[in-house]
Every structure is written in C-alpha cells, then in structure tokens.
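So the protein lines, in turn, are chains U and V. The letter at position 26 of the first sequence is residue 26 when you use my numbering, and the numbering goes up by one with no holes. Numbers given in my numbering equal positions in the second sequence, counted from 1, plus 1000.
Simulated from the structure, these hints should not be mistaken for lab results. There's no promise every hint is true.
[Said to hold, decoys possible] Within a straight-line C-alpha distance of at most 30 Å, the following computed BS3-like cross-link-like pairs (lysine-lysine) qualify:
#1 V:Lys1128 - V:Lys1239
#2 V:Lys1164 - V:Lys1271
#3 U:Lys248 - U:Lys415
#4 V:Lys1011 - U:Lys259
#5 V:Lys1271 - V:Lys1011
#6 U:Lys73 - U:Lys407
#7 U:Lys73 - U:Lys162
#8 U:Lys207 - V:Lys1271
#9 U:Lys410 - U:Lys248
#10 V:Lys1271 - U:Lys162
#11 U:Lys407 - U:Lys162
#12 U:Lys162 - V:Lys1093
#13 V:Lys1271 - V:Lys1093
#14 U:Lys410 - U:Lys259
#15 U:Lys415 - U:Lys207
#16 V:Lys1239 - U:Lys248
#17 V:Lys1164 - V:Lys1093
#18 V:Lys1271 - U:Lys248
It should be emphasised that the depicted structure is a prediction, and the values quoted were computed from it without experimental measurement.
Here's the letter readout for the chains.
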Amino acid sequence: MKKKMLSLVLAGAMMATVLTGCGSDGAASGTTTESETTESTDAAETAETTEAADTAEAADTAGAADAAGGTFKIGGIGPLTGGAAVYGVAAKNGSQIAVDEINAAGGINGMTVELNFQDDELDAEKSVNAYNVLKDWGAQVIDGSVTSACSIAVSEKTYQDKVFQLTPSGSAVECVQYDNAFRICFSDPNQGIASAQYIGENGLASKVAVIYDSSDVYSSGIYEKFAQEAANQPFEIVTAGAFTADNKTDFSVQLQQAKDAGAELVFLPIYYTEASLILTQADSMGFDVQFFGCDGLDGILGVENFDASLAEGVMLLTPFAADATDELTVNFVTEYNNRFGETPNQFAADGYDTIYTIKAAAEKAGITADMSNEEICAALSQAMTEISVDGLTGEGITWDASGEPSKAPKAVVIKDGAYAAM
Amino acid sequence: MKKMKAGRLSKTTKNDLITYGMVILAYIIVQIFVATGHVSSLIQGLLVPFCTYAIVAIALNLTVGILGELSLGHAGFMCVGAFTSAVFSLAFKQTMPGGPRFFIALLIGAATAALVGFLVGIPVLRLKGDYLAIVTLAFGEIIKNIINALYLGVDGNGLHFTMKDALSLNLAEDGVVLIKGAQGVTGTPNDSNFTVGVILILVTLFIVLNFIHSRTGRAVMAIRDNRIAAESIGINVTKYKLIAFTLSASLAGVAGVLYAHNLSTLNALPKNFGYNMSILILVFVVLGGIGNIRGSIIAAVLLTLLPEVLRGLSDYRMLIYAIVLIAMMIFNWSPNAIFFRKRMRQRLTGGGKSEKEEA
C-alpha cells in the first residue's frame, strides 16, 4: 500500500516536473524574444556599420559584421515523427548542414543564421501549430513544410501574417498559390508533363503502362498530368493500375495487366519502396520491360534486401542524384554521411538548397535582422524573381512571381549500380 | 425550473450551470488575454482545435457514458461532417457571404453525419454486446478510404463524381473540382473562429445536457443500466438507442465542420480521421470521466494542449506524452489514487466531513 502510494507520488512529481519544465520553457522563450528585441535595437543603433558592411561585401568582412549583424531566424516545419519522418528528417538535416556552412562562412549579410525545425507529424493541423510555435520563437522566414498538404495549410497562415515561405518539397500546385510562397522542387504537374514529353520526344515506347498510388497526393498528381500530356505525345497509355497505401505489397495484378496489354514501358510515379517491390515481382514473373520513374525513385539503390541489379536500366527524372560527381554534391554527400551516417536523398538536397536560396535572396534584398517580417517578406518575394541559384537540385535555378522554380529536369539511367546521366 | 424561480436550484441544474459557467468564463478570460496581447500565437492557433475536440468528446460521451455503447468510429463521423460541409462551402465560396454560408454548412455537416450515424445504427443497435464498436471501427476506415478515392466536381450541368481520377469527371470549362481524391479539399474558406467554436460548445452542451435530463435521456440511461428491466416497462430499446447514437453522430459532424473550416486543406489521413483519432477521442472521454460531460471538455483541452507544450522536448515529446497519459489515468481512476485524493482533500478542508465526488 505504502509502496503504491509512493509510486503515485513519484508519478505525480514526474508530471509536475514535466509541466513546470514546459512552463519555464515558455518563460525562457519569452525572455529570448525580449533579448531579441534589445538586440534588434542594438542593430538599429549600429545601422551605419551594418550598411558599411553591406557595401564592403558581407562575406569577406564576416568577423567584424558578426557582432553587429544579429541573428536571422529560419523556422523549419516537417514530419519528424511517424510514417513520413524520413522526408522531414532528411530535409531538416540537409537544412542544418547548409546553416552550419553559412555560419562558418560568416552568415547572411553578417547575420548568424539560426534554424529551428518543428515536427508536424504529417498533419495539417499540427503543421499550423508548429508554425505558431515558430512565430512565437521569432522566425523571420519559414522553410517548410516538407509535405504538400501541410505546406498548403501553413501558406494560408503565412499569407495572412505576411511571412516569407519557401517549401523544399511541397509539390502540389496550391503550395505556392500566394505570392509570399515559393518552392525548390518541381511541382507534381511539371514532373508529369516533363516525363510524358521525355518519353515521347525520345521515342522510348509506343505503349506505356502506369502503376500509381491513388491514395497518395504526389503520385496521383503526377499521373493525372502525365495522362493529360500523353494525349499530345506519340504514345498511348494502355493500362493504368492503381494501388492504395493500405495495399502496397503485391503488384502482380497490375504487372500482369501491363504485360497482357503489351506495354513496352512502365511509368512509375511512386516512391522507391514500392518501386523496388514492383521491380522484384516483375523480374520473378519474367516481365522484361523498361521502367521509368520520377524523383520518388531516387533512393531505390539503397533499399535493404533489394537486388540492385534488378534496377539496371531503370530511367528516372530526378533533380538530385547522390552519386553525381560535381564538387557541390560530393561535398554535401560526404558531410551528410559523416554527420548522419547515411546517404542523403532528394529531400535532404531540397532542404540544403532551400537555405542557400534564402541566403541568396536575403543577400540580394539586403535583409538585416532589424527588419520586420512584413518588410522581409516583401523584399524576399521581390528578390526571389531576380536571383539565380546553383544548387544540388539544379543549376541556374530561377523563379518567377508564381513561385515555381525553373530548372531543367535531369534524366538519369541506372547503369552498373550507379546513376548515370543520359 | 420551478425550483429555479424560487431561488433553490436542484443539484443537476447547479451542476449544469457550473459547466456552462466554466466554458463562458474560459472564453472571457481568453478574450481578455488575447485583447491585452498576452497569448502566444501557438495558443491562439489552438483555440479552435480545443473547441473541435471538446465538442467531439462531448458527442462521444453521449454514446459511451449515457448510452453505454462503445463507438470507435467518431473520427469517421467527424470526417463525414467535415467533407460534406467543406464541399458545400467551397462550392458557394464566391456566391454566398461568410456567415449564412457557415451556418448552412453546419446544418449540412450535422445532418449528413446524423444520417450516416442513423444508417450505421439501424442494424447494429438491435444487437446486444460490443457490435457497435466493431462496426463503427470498420465504418471509420471505410469512410476514410472512400473519400481518398472519390473525385467530385461541379460545373454548369451539376455535380459529377467518379472513383477513377480527376480527368474522368468530364467537367465543362467553368467546372471546379471539389474533392480531388487523396489530395482532398483545398481552399475551404476559414470561417471557424474561437467565438463560433465556443458558441457551438454551448449549443452542444445545451442539447446534450437537456437530452440527458429529458424523458428520452432517462429512458436511454435506463437501457444502459438494465436493458431487461427497461424492456419490461415498455421502453423501445432500439428506438432510444438510435436516437442517442444519431444525436451523438451529428454532434461529431458539427465538430468536423469546425475542423474543416479552420484549415484551408482537408485530407482524410489516418492521422486526423483514422482509427487513432477515434481512440484519442475515446481517451478524452475516459480520462475526463465516462458520463461526465464537464470532464470531457477539460480532458479534451488538456490533451490537445499537452503535445504542443511538450515541443521543447523535441524527439522525446511523444514518449513523455504517453507517460503523462498513463500517469493521469492512474491519478484519475486508480482506487488508491481516489482514496489518496479524498484523504488529502479532507486534510486540506480541516478533516471533518468527507465531500462527495461530483458525478
């Protein structure tokens, strides 16, 4: 009895510590915002020095400007727990690497960059909560959300509050419907259209089968535009086999359909986990056909227990290949491997590019730490249309006012267990 | 009511008034804090979700606490209410002013959820045992999957729908796609706000509390306590069960309407309308006290707030959340804990009389 009592008291005490912990946490964040404001008034006083630093090329005078520049707060949002955590964590890690690199090189306009990445659990409601947390923290721009639906929900709020938003990988059309929102990745329709055009123009096949995930926004979005564009291309879609998230282990029916229809190419606008199963099952039923995918297939060579030789000859349109040999990619992949012990995927690259794009735009617009969010938003939205970024996911990426990036999709083919440009 | 006029309130009336008073007081306090700028954006953003989950917790408490049946599909009814109302609001986004549109959306959401609840209830509530739990569990999953495969569009010729893809809708030039399969509904007008949410809580409370004290409510509780005795005095068991369950489903639909109009995107994900959400609502009810309406509201608010204030713990957040849940459950329901609380209260009030726990 006494023991039980004791355990209860302990449980209660634990709860109390947790709750008070949060309370003091809130208080702490309150004080940081206060110190933030004093800092920014400091910055206002030293505005002259900052301006001087501006003109004398910020990066070079980093040491001197560091003290005067203050901090530039970037708030990140993405799923860090749950089924989609792999995307959010990758984007977070990629962004963090970029932030650390920028800080080591002297920051943006002399400002130290600070990244606070919040979990949204792949839930639009939680995503808005995460945004509000970041707002309380004093975020000046938003890097997120990683997924489409969350990104749309957050963009509604950033538009109201006039906060600049750059999503690494929110690919649905509506993610950038407002003029304060931009994205790094291709939109779903763009990928669908580009794939159809690529297949048509290069005469890869005359009969195409599609296997897609009808319960997934990304997959069905690409398929829809692919089917639309296919009407203008010299090939026909012979079958379109759909599956859903609840039923994604056996694809023999869809593959048999494609085989019976005499498809010469199977288009897979899906993620790599399911694609690896499709390749294995196609092989075991003796269906030898050309496979073609989008950026979701990136990562297929790293699937555990997957015979990578089955992926030989698979073509994919992707903005990022981890084994590309340019210096930027090599450095990034090595750094990522060292720090997180795995090969970065496309989301990590998107996250990395997001931070560098914000940096480029902020430098173009001459952002300083004492500007209000509204001013930063207006200045960055303007600057975004004027910059050109060489990133991991494309060279010379430019944006127009609609928020869509303009970059050439890279088609790669898997040859000898590695991605090779086509 | 006669007693009220005489200045002496019956115990139940007093209890109900405390519940209404608590909600109104919370509303006033929050409004004062908002007006003076003392509320963080996080809490401001959470105000509408608080109302949403409070309403659905009250609704489920009607099924679990008053009717005595277990429903594991209340997120499904929320989903029905959310999607039907969001489709309506989106279709009339340009042509109707916000106020009346939201009011009609509310009625539509409540009515469709009630209809669906009625249809689910007709066969199941005739049975004895835990069949309602099984069927509602399946129902919640079915609804989610149907909506994920459904494409609905509107143009000059009327509504079009298909289960294939958006292209097969064959919309005219001016057509708008309302539900885009897995992409759900986007662009729902943001008509929900805290004031509307609190008014809806009060309306829900008014309906539920009066229902409980009404002749019908007493019949329902009689069925819960002893079905055979209730039947023997001529109570139509199925009818009263259906009434209570339909009412509960329609209130869950109202919560769904509030949810849908708070965010501009609406997807039927396992996260928000799946099995786990139904369980979470059940947790609100169990933690707040089965049959205790006021407790449901408090538990819903606390448990919605908890994961957000734990954000500081980053990766350990969900772990701690689970531990806190267990600790709260023990504190609330363990016989030893109840005994301990009683003793502490006695000591605090100077010993003497032992106060009875409120029902």
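Would you pick out the hints that fail for this structure and give their numbers low to high? Going through the list in order, the structure violates hints 4, 5, 8 and 16 and respects the others.
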